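Asker: Spelled out from the first residue to the last, the chains are:
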Amino acid sequence: MRTILYLLQKEFIQVFRNKGMLPIIFIMPLVQMLILVFAATMELKMIDITVVDLDLSETSTRLTAKLESSSFFHLTRAQLSPSETDKILLKGKTDVVITFPQGFESDLKRNDQASVQILIDAINGSAAELSNAYLQTVIGSYNQKVRAEMMGVPKFTPPEQVQVIPSYWYNPELNFKFYMAPGVLVILVTIIGLFLSSLNLVREKEMGTIEQLNVTPIKKYHFIIGKMMPFLIIALLDLTFGLIVAKVAFGLPFRGNILTLYVFTSLYLFLVLSIGLFVSAISDTQQQVLFVSFFFLIIFIIMSGLFTPVESMPVWAQNLDMINPIYYLIRIIRNVVLKGSGLLDMTRELIYLSIYGLLMFSLAVWRYRKTV
Amino acid sequence: MDRINPERTPIIKVENLVKKFGSFVADDNLTFNVYPGEIFGFLGANGAGKTTAIRMICGLLEPTSGRLEVAGYDGYHEREKIKRNIGYMSQKFSLYEDLTIYENIRLFAGIYGISRKVRLEKTDEMLKKLQLEESRNKLVGGLPLGWKQKLAFSLAIFHHPKVVFLDEPSGGVDPLTRRTFWDLINEAAHQGITIFVTTHYMDEAEYCDRVAIMSEGKIVALDTPAALKAKYQADSMDGVFLKIARNKE
Amino acid sequence: MNQLLGFIKKEFTHIFRDTRTMVILFGIPIIQLMLFGYVITTEIKDARIAILDHSNDNVTREIKNKILSSGYFLLEANLLQENEIDPIFKKGDVKQVIVFERNFAQRLEREGKANIQVIADASDPNTAQMLYNYTNGIVQDYTKKKYAGFTIPVQIKSEVRMLYNENMVGAFMFVPGTMALILMLISAMMTSITIAREKEMGTMEILLVSPLKAPHIILGKVAPYLLLSVIDAFVVVFLGNVVFGVPIRGSLFVLAFLVILYISMALSLGILISTVANSQQVAMFISGFALMLPTILLSGFIYPIENMPYALQILSNFMPPRWFIDALKQVMLKGNGLEYIWPNILILSAMTIFFLALSVKKFKLRLE
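Protein chains in written order, with the numbering used here: chain A, 1 to 372; chain B, 1001 to 1249; chain C, 2001 to 2368.
Excised from the complex, chain A in its bound form (with noise of 0.2 Å):
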């Protein structure tokens, strides 16, 4: 037992002493962590529209009037041929243009409907998604106003009405950076602790000092416990500077119990700098474990819940995400953070993850060799 603490001891000397690593171990997951989480947001905040208006009837000045006092619009009206509406979508002038045909307002009069032509340019598909979202509303609730003005009924209202109320728990006022904060700290801690401890250990071999090491009668499970725990350790710490961060950059809310947080968050570092120390024992050079991790490491990203709901997958992948340790995470953490889950709450994950974590280190001990 004592050995490990001079193994543990000889690491962390080497780490602090590694200036050029410290930043990029302490420092610049924070700075990530607060540009990304910034950077990931759907609520769109300026939309270009220009407004081609051919019939310049009340109607359709009134409707430009009140798109533009939206603040999600930056709004422009000129009169322009098909031609130079073509021209200027794409070039990328605008996102949307609206164009109210001639005859609108006397349409709606006379047929009781009138059709906008809304043309979007939808290289963007998210953004373009939105702009139809927020354009249907407005026009929607313009529609109301119309239809009552003209119909002479203050509101109009079919005859029997289902209202679905929605209520958000947990995160009332939407805000999507509680929902990106916990994902993104998930993938630098897991960057941070995967890559130190799985490049620490075949960079030995590469260097020869792992001899050293081998001729000497040191226990494999006593090796391997020595290249994990330092990284999972600093992992941690960088998980606390991350809380801190979101806490104070974004007000992240704290609903749970923290020392759930980490009992969790630890569990998972064991499992995951397993398998980075298991592919770095079947490695020997730094270079194809980069490889191997990185490959590993978009997939599991990808499908993790991070960008994307995890309900957005087919069945299939959702029954293989069991084996994305990066799924567990998010999943749990964004449990215990915004909900308040504890681990009575979240008792298959606990056991799934300590199986699983035991499986792979025995297998990053077993497939350790002292003999090349």
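Hint data in this document are derived by calculation from the structure and do not stem from the laboratory. Please read these numbers as outputs of a predicted model, since none were measured by experiment. Incorrect hints may appear among the rest.
[Unchecked claim] What the simulated footprint calls covered on chain A by chain B, stretch by stretch (three residues with Cβ under 8 Å from a Cβ of chain B suffice, anywhere in the stretch; the number is not a length):
hint : stretch
1    : 11-17
2    : 197-209
[What the hints assert, rightly or not] Under the rule of at most 27 Å between Cα atoms (straight-line distance), these lysine-lysine pairs were calculated in the DSSO-like manner:
hint : chain 1 : residue 1 : chain 2 : residue 2
3    : A       : K145      : C       : K2145
4    : B       : K1229     : A       : K205
5    : B       : K1013     : A       : K370
6    : B       : K1092     : B       : K1229
Note that CB positions come from ideal geometry on N, CA and C, so glycine has one too.
Fit chains B and C to the supplied structure of chain A, relying on the hints for placement.
Answerer: Here is chains B and C on its own, set in the frame of chain A:
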């Protein structure tokens, strides 16, 4: 020669040891014994199979076939027990360059389970002998190569192993430094540590009690330097080596 | 010149012989495209919900049937009390609880109005909103069908056209994004790590004292990754076109030029990183950390740049992938030519020159 007693049981027993890498035979049927207290040399050109042999005996490499016993333990199943009883200095300097001299000592002493008290005593003694007292807290990476090698050797015998294995220990340094390095080796041998050394420097072979000459994975001659010189009618080991090479052709 | 060719050849065989690396270098783009194409969708299917029906009459049963047969939802539990909601959310599987008020059918008939409360787990705000919209849509559709003969007067209809991606195919987005990411990964990351490796192992010094000139060494190191990147770019465009139907409306020549320019930029960036990094670890963290995440998040690949806070919009201007992705979409989706994308080309070229100049400067400083 008073240190060596051939009547005693050998500390290293090697019988028909073979190592193949694919179809390439690196070591072909090696058979020899090393006796306690001996300085045993493995002589040969680069690629003769010396390093492969020493790595197998140390337990760093799995043999393909043959028998191997070190300090009374089996080379296949009791590798970890062997490791308790040996020291090793690799061809490539493999202490931690980003740790200080003392930190390296502390780490390896700790792994061998040497107590803090003994460690501190022995560290002082060792650094004094090496005249490195003032560099105790300097990073190993900044030392000149000759010092690095002396340090690596001193650390390899810090836990007083029964046998120490030295793989090309004095490569790349000037003859004078090599001379002082061999003083250290001789001193260790007098303390009762068996020395197993590989080299391609012929003059170093003269310092050994017995020498095995290797060529293309085989041992082609094994005896004391004096006996070898007599047999091949040469006045130096260089001459012996040349004659053997010529005979092969 | 012969020396240089020989060196390049050595580097090539070195990389191409390593099958594991090759599998991964070509595997990453393919797997990533497949994941985005078949696994990640913008539509939610089979979200787990719970229902708390205080009324349990024939109308609520009809609505429940509609909701559960829509394909969007899976019933995880029927709740009996309000206080069961929080615990079930805390477990994390259930995303939404639908609550029908007491005497639902009765109220609907007598007062013409009844309420359904949708309680969503908004720890994922997007999903929460999306699920609410689905639910609301299904319920409104139900009432509308019930009164099918009824038409709404005075209607303003929107004729919406999503230009350049009429069917809102996801691949139109992720193919350009994947391309930017993969090329950055292979070109910048691999190059910086390979060169840092030589430095770490001490072999760079051996190369530097050899008759090879420093630029030749760098060229030799970079050439294989240039080729690999071009092949990968081709694979992505080909798969995107054939498998996912992403069009190439612009000129292939312009497309190729743009891709090669971006690769050159990424390679220069890789060289620059390697002049700063002394170990593979540092090179990996700088390129993996400082390049990868911003490439995904600050380039408009997933999150629209227009939505970002102003400071980040400014920052995104310094992200090369932003200009590449934008130009790529213009060429592939809009069919634009150089007359439209010249600003992007200019910016990417300037970045390349800047990175190269800085590397040369750093390199000279080191030697002096």
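Asker: All the hints need checking, so say for each whether the structure fits it.
Answerer: Verification of the hints:
1. Check on the stretch 11-17 of chain A: 3 of its residues sit with their Cβ under 8 Å from a Cβ of chain B, so the three-residue criterion for coverage holds.
2. Only residues whose C-beta sits within less than 8 Å of a C-beta in chain B count toward coverage, and the stretch 197-209 of chain A has 3 of them, enough to reach three; the restraint holds.
3. For the proposed pair K145/A and K2145/C, the alpha carbon gap of about 24 Å is at most 27 Å, so the pair holds.
4. Distance restraint check for K1229/B and K205/A: the Cα-Cα separation of roughly 41 Å exceeds the 27 Å cut-off, and the hinted pair is therefore not satisfied.
5. The suggested pairing of K1013/B with K370/A holds, with an alpha-carbon distance near 22 Å, which does not exceed 27 Å.
6. Annotation: proposed proximity of K1092/B to K1229/B is violated, straight-line Cα distance about 31 Å (limit 27 Å).
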